[in-house]
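Chains C and Z are the protein sequences, given in the same order. Position 98, counted from 1, in the first sequence is what the working numbering calls 98; the numbers after and before it change by one each time, with no gaps. Position 208, counted from 1, in the second sequence is what the working numbering calls 208; the numbers after and before it change by one each time, with no gaps.
Don't take each hint at face value.
Among chain Z residues calculated to face chain C with C-beta under 8 Å, some are [stated by the list, open to error]: (1) Ala73; (2) Phe84; (3) Thr89; (4) Phe97; (5) Glu99; (6) Val103; (7) Leu157; (8) Val236; (9) Ala262; (10) Arg263; (11) Pro264.
What the hints contain is simulated information worked out from the structure, not anything from laboratory work. For glycine and all other residues, C-beta sits at the position ideal for the given N, C-alpha and C.
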Amino acid sequence: MSWLTIARWDARAVLRDRWFISVAGAFGSLVIAAALVALGSVDVLGVSAFGRVAATLIHLGMLFIPLIGLTVGAVWIAGERESGSLVLLLSQPVERRTVFSAKYLGVAWGMTGAVAVGFGAAGLLLALRAGTDRIPAFLWLVVLSSLLALAMLATGFLISAGSPSRSRALGTALLVWLALVIVSDLGILGTAMILRLPAWAVLVLGSLNPVSAFRLAAIVGITGSADLTGPVGLYAADRLGFAGLLGALVLILAAWTGGAYLLGRKRFLEAVEG
Amino acid sequence: MIEIHELTVRFGARDVLRNVTLTIPCGQRAALLGANGAGKTTLLRALLAHLPFSGSAAIGGHDVREDGVRARALVGYVPQTPAFPPLLTAAEVVAYFQEIRAVVPDPLPLLAEVGLDAEAGKPVGALSGGMARRLALAVAQIGDPPVLLLDEPGSHLDAGGEILLRSWLDEAVPRGRTVLVATHHLNGLQGLVDRMVLLEDGRVRADAGVDAIRAARWLEVSTPGPMPALPDGVSVLPAGNGVLHLRVRDGSLPALLEVLGARPVDIHEPALVDVLREVRG
Chain C
1 MSWLTIARWD ARAVLRDRWF ISVAGAFGSL VIAAALVALG SVDVLGVSAF
51 GRVAATLIHL GMLFIPLIGL TVGAVWIAGE RESGSLVLLL SQPVERRTVF
101 SAKYLGVAWG MTGAVAVGFG AAGLLLALRA GTDRIPAFLW LVVLSSLLAL
151 AMLATGFLIS AGSPSRSRAL GTALLVWLAL VIVSDLGILG TAMILRLPAW
201 AVLVLGSLNP VSAFRLAAIV GITGSADLTG PVGLYAADRL GFAGLLGALV
251 LILAAWTGGA YLLGRKRFLE AVEG
Chain Z
1 MIEIHELTVR FGARDVLRNV TLTIPCGQRA ALLGANGAGK TTLLRALLAH
51 LPFSGSAAIG GHDVREDGVR ARALVGYVPQ TPAFPPLLTA AEVVAYFQEI
101 RAVVPDPLPL LAEVGLDAEA GKPVGALSGG MARRLALAVA QIGDPPVLLL
151 DEPGSHLDAG GEILLRSWLD EAVPRGRTVL VATHHLNGLQ GLVDRMVLLE
201 DGRVRADAGV DAIRAARWLE VSTPGPMPAL PDGVSVLPAG NGVLHLRVRD
251 GSLPALLEVL GARPVDIHEP ALVDVLREVR G
């Protein structure tokens, strides 16, 4: 069970990583602060406070979860390769593919655990102040955030697998973060306007970005409709139906995770065995 | 047993190792000698399948690429620059590798054996180079592997560490361990290996048992000229400035000293590598 050993120790290591602790700590603090501020007016606004909490959490998640997943994943293997500690691990009687899988699982374990703790604290506050009727919607947000974390971590591992140095991996990860979080929507909007793309093409292009898929799935799942997602979301809901749209968006997150993971593993094996 | 056949490693357009063929039988301690860049580390890393190569390599009958897990299960490896998972303590590193090798985690006795018991709780990043080397020796012993691949194991070690390494290599014989030590100098390891293999430009230039090397050993004598009538077993080496450099085979020294009479002489032994170059094997 060497994969379990490696995964367990990597989960422990990620929870000691200063960068991870800093960013995840900032994320968790903001989540709780946002919940407290929004719930401060719960007596006046009632359950509508949940909408404000959810909107804040979605936006925080869109910024922080990709940042944590991409950067931690990107430096995880590249850093060990650069320091030389990977050599000792690869000299042990463990399959190389197991090393990659176990490291991914270990970091994913630590990361989703941290996401769950951050959201869990906000959920507890929510339940205490606003009642438990919106907890299922909140849990949906936790599940989606975990899926986004897994997808971004797999992308980080893909970057890390073939990067010769920690700094190059980190630089690439930050560029990918910018592309997915900031540039992507603007680029698609610009392209759609210039090329006069049909709605379905805008939908496909937009949804292929896991951050956009997360946002759409979160809004649709929490509000129970696509009204707040704009014309593209409305079009998608019209074509696929409510459940179909949610299923497709979750599938996109899962496919992104699986695809990046498999490509990363291939790249890792090529890098260590030639 | 380590078996290497026609092993070639290419980095870009450059052959770092060229058609290396070598067999190290069970229980033998071999030193892999050569200057920096000769290919010693590359050969060890090829044996661990850390890089692509042509030809074949097997440890304990297991092909290192096709059956790498079984091959690596037989190996304890000390890398040239030991590095460990950076966020763990020394004790956790040992426990980690013990678990990976399915050994019940109990790091303290092993750390005590290498003199690191007082550092057990220290993060590995805080260990000195010598301590990291000792920790690498501890990790390489986990599971009592029958084959040891040691890459410059003496570098950064203090006197205590060298004594530890020497006793470890001494114990390899009664334990039947096969050892391959890569080093660019034999300081501290003389008398602890049974065989020497010289790598130059990625090729095996010489390969001989220590007994054969000892038997072929000579002395070098420097003395001011002129050239005397040389007895049998003495030959002239290139020299200058009116100084004679003579190579003296075993047993010919008394005859030479008699011929040289009262001249001042400087007698010294050549480097083992120079002898090895001539023996070739």
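How the hints compare with the structure:
Hint status for alanine 73/Z: holds, given a least beta-carbon distance of 4 Å to chain C, under 8 Å. Annotation: interface hint on phenylalanine 84/Z holds; nearest CB of chain C at approximately 5 Å, less than 8 Å. Among the interface hints, the one on threonine 89/Z is violated; its C-beta lies about 10 Å from the nearest C-beta in chain C, farther than the 8 Å criterion. Taken as an interface hint, phenylalanine 97/Z checks out: its beta carbon lies about 7 Å from the nearest beta carbon of chain C, inside 8 Å.
Taking 8 Å as the C-beta cut-off, the interface hint given for glutamate 99/Z holds, the closest approach to chain C being about 4 Å. At a threshold of 8 Å, the smallest CB-CB gap from valine 103/Z to chain C is about 11 Å, leaving the interface hint violated. Residue-level restraint check for leucine 157/Z is violated (minimum Cβ-Cβ distance to chain C is 18 Å; threshold 8 Å). Interface restraint check: valine 236/Z against chain C, minimum CB-CB distance 49 Å, threshold 8 Å, status violated.
A distance limit of 8 Å between C-beta atoms decides the matter here; for alanine 262/Z the minimum to chain C is near 58 Å, and the interface restraint is violated. Restraint check, arginine 263/Z versus chain C: the minimum CB separation of about 54 Å is more than 8 Å; hint violated. Evaluation of the proline 264/Z hint against chain C yields a violated restraint, the C-beta minimum of about 51 Å exceeding 8 Å.
Checked against the numbered hints listed earlier, the structure breaks hints 3, 6, 7, 8, 9, 10 and 11; every other hint is satisfied.
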